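Line by line, the protein sequences give chains E and A.
Reminder that position 57 of the first sequence reads as 60 in my numbering, one-by-one numbering, no gaps.
Reminder that position 273 of the second sequence reads as 282 in my numbering, one-by-one numbering, no gaps.
One should not assume that every hint holds.
Listing some non-contacts, in silico: residues in chain A with all C-beta distances to chain E over 12 angstroms [said to hold, decoys possible]: (1) 20; (2) 30; (3) 32; (4) 176; (5) 288; (6) 387; (7) 396; (8) 408; (9) 421; (10) 426; (11) 430; (12) 448.
Simulated DEER-style distance windows between Cβ atoms [stated by the list, open to error]: (13) 97/E to 448/A: 48 to 56 angstroms; (14) 33/E to 405/A: 46 to 54 angstroms; (15) 416/A to 21/E: 33 to 41 angstroms.
To be clear, the hints were calculated from the coordinates, so they are not data collected in a lab.
Treat the numbers as computed from the prediction; the structure is a model and nothing was measured.
We treat Cβ as the ideally placed atom computed from N, Cα and C, and that holds for glycine.
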Amino acid sequence: MAVQQLSVFIESKVGHLKRILDAFVENDISVKGYALSDTGDYGIARFVVDKPERAFTVLEGMGAAVKQTDVLCLKLMDVPGELARVFDVIAKQDMNVKYSYSLISTYIAIGVDDVVKAESALVNQPVELVSQVDFSS
Amino acid sequence: MNDAIKTPMYQPEIETMSRDEIRALQLRKLKDQVAWTYERVPWYREKMDEMGVVPGDIQTLDDIRKLPFTDKSVLRDTYPFGLFAIPMDDVVRLHASSGTTGKPIVVGYNEHDLDVWRDCIARLAQMAGVVPSDRVQMAFGYGMFTGGFGLHYGCEHLGCMVVPAGSGNTERHLMMINDYQTTVLIATPSYAMHMCEYGEKHGFDWENSSLRVGLFGGEPCPPALKEELESRMHITCTDNYGLTEVMGPGVSGECLASRDMQHIAEDHFLWEIVDPETGEPLPEGVPGELVLTPLDKQAFPVLRYRTHDLSYVTTEPCACGRTHARMKKVRTRTDDMLIIRGTNVFPSQVEDILAGIEGVSPHYRIEVDNESGLDHMTIMVELLPEAFTDSFEEMDKFRKHIQSTLKDSMLVSSDVKLIEPGGIERSFGKTKHVTDLRK
Numbered sequence: 004m005a006v007q008q009l010s011v012f013i014e015s016k017v018g019h020l021k022r023i024l025d026a027f028v029e030n031d032i033s034v035k036g037y038a039l040s041d042t043g044d045y046g047i048a049r050f051v052v053d054k055p056e057r058a059f060t061v062l063e064g065m066g067a068a069v070k071q072t073d074v075l076c077l078k079l080m081d082v083p084g085e086l087a088r089v090f091d092v093i094a095k096q097d098m099n100v101k102y103s104y105s106l107i108s109t110y111i112a113i114g115v116d117d118v119v120k121a122e123s124a125l126v127n128q129p130v131e132l133v134s135q136v137d138f139s140s
Numbered sequence: 010m011n012d013a014i015k016t017p018m019y020q021p022e023i024e025t026m027s028r029d030e031i032r033a034l035q036l037r038k039l040k041d042q043v044a045w046t047y048e049r050v051p052w053y054r055e056k057m058d059e060m061g062v063v064p065g066d067i068q069t070l071d072d073i074r075k076l077p078f079t080d081k082s083v084l085r086d087t088y089p090f091g092l093f094a095i096p097m098d099d100v101v102r103l104h105a106s107s108g109t110t111g112k113p114i115v116v117g118y119n120e121h122d123l124d125v126w127r128d129c130i131a132r133l134a135q136m137a138g139v140v141p142s143d144r145v146q147m148a149f150g151y152g153m154f155t156g157g158f159g160l161h162y163g164c165e166h167l168g169c170m171v172v173p174a175g176s177g178n179t180e181r182h183l184m185m186i187n188d189y190q191t192t193v194l195i196a197t198p199s200y201a202m203h204m205c206e207y208g209e210k211h212g213f214d215w216e217n218s219s220l221r222v223g224l225f226g227g228e229p230c231p232p233a234l235k236e237e238l239e240s241r242m243h244i245t246c247t248d249n250y251g252l253t254e255v256m257g258p259g260v261s262g263e264c265l266a267s268r269d270m271q272h273i274a275e276d277h278f279l280w281e282i283v284d285p286e287t288g289e290p291l292p293e294g295v296p297g298e299l300v301l302t303p304l305d306k307q308a309f310p311v312l313r314y315r316t317h318d319l320s321y322v323t324t325e326p327c328a329c330g331r332t333h334a335r336m337k338k339v340r341t342r343t344d345d346m347l348i349i350r351g352t353n354v355f356p357s358q359v360e361d362i363l364a365g366i367e368g369v370s371p372h373y374r375i376e377v378d379n380e381s382g383l384d385h386m387t388i389m390v391e392l393l394p395e396a397f398t399d400s401f402e403e404m405d406k407f408r409k410h411i412q413s414t415l416k417d418s419m420l421v422s423s424d425v426k427l428i429e430p431g432g433i434e435r436s437f438g439k440t441k442h443v444t445d446l447r448k
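Sequences and hints are given; from them, build the entire structure.
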């Protein structure tokens, strides 16, 4: 069920992120969500895309430092308290969220150490788990 | 034992002498050489008189420290023939090193000097796997530069057929390889790379060409470039070292058993490694400035020539069977040395250390500033894709690991910055590794 996230090592320099985005455009890859974090010297750009395999090949071909990781993807209802509810489920599993970001609409991606465990905790909750195929349509 | 690395020796009786025999031979020759120089070259006689030293003071090899150093400036000041030790009528050859500023440096040879030179070249060619039946294609320029004629006559002396093609005209070079079935290429590594690329572009079949050995010189050859040439041209490459001021190429050459180390022709050259700042001798294995005293030069003797080249020397036995000491091949000039908070740092050290760390490329850049009042060194290191993890914590751990590994070897701390794969500019030959912003 998990979604393939692509993480890319990027120097904090003008134009470096754009090179990657341009490559996505050229290869008809649609970004469904992303998060950028930065240490001042370098950053990690995380992407959820419609065609993760192709995106990986493209980035690898550019010589980029790229890594595929599983993240959990959820579609939330746009109502107050929804985010709190979801994170509460994970906290009750004694799991730490390493990072999280929102995607298109009210989709959010969550990075945890044990994706399967988090998923099984959420699967019985009133929240929609999103799979990679959902992005292909 | 891999026999491929045990190439035949040109003068086995000299090349396999015991360390004691070598030292005894060196001392005997050093005494003669100092006397020869003192008696015939006014500059040295005056200098030694000033220092209160006479040839008879040389009783051990360590006594060489009593002698004056020779710096390039002296060779310039005495232009053209001021340091020659024999009548000009007896000089049979002149060479010169290019003067980037002002006058060139002119050196001379008599028949004896040329004999020694030919032997040195024949030795290094054999070390690299060249045999008398080889056909040698010369892509060095001839002219005043010592490389062309030096290698030419040395290979001829060994018994090879030499094709004196000279530098340039790449298309003709490729034709000659095919038509004359040459087996050895003598070139600068950057010209070899040019030939390689030109050939690839024009359908030259490197894999099935007759060429099997590359003898490189004239400029430092980074290991990465050598590997690239070996795999793309399907040849075995070695490089050799020398400088016009002490003879030309042939001072040392790389054997096939110990890559990137070069056997010094110790019967003809006495080496010292000194601290480039103080001139004090450094222990074996410690990098410093290479100082050379030719032991067999009649026309143009020099004592303790400061090469400004950075190297270290080992006298440990070599698997190729040769006993002559090996010097680390020169990649940096001592002029490139940085002094960071009182510690000597050589950019090539950084490269060596990085080569030993998994997950980074050997490409790097150093930036030094003193904005805070103290010298501060930042080393930009290129991350390899396989070392990347999707975790800031691990990336920082990795960065600190590189930082502490560098510090352990260089004894001076630096900030390591991780750079994207391929993010450091590549240029073989004259890569500029250091930006010094200190005021």
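Against the structure, test the hints numbered earlier, and report the numbers of the ones violated in rising order.
6, 7, 8, 10, 11, 14
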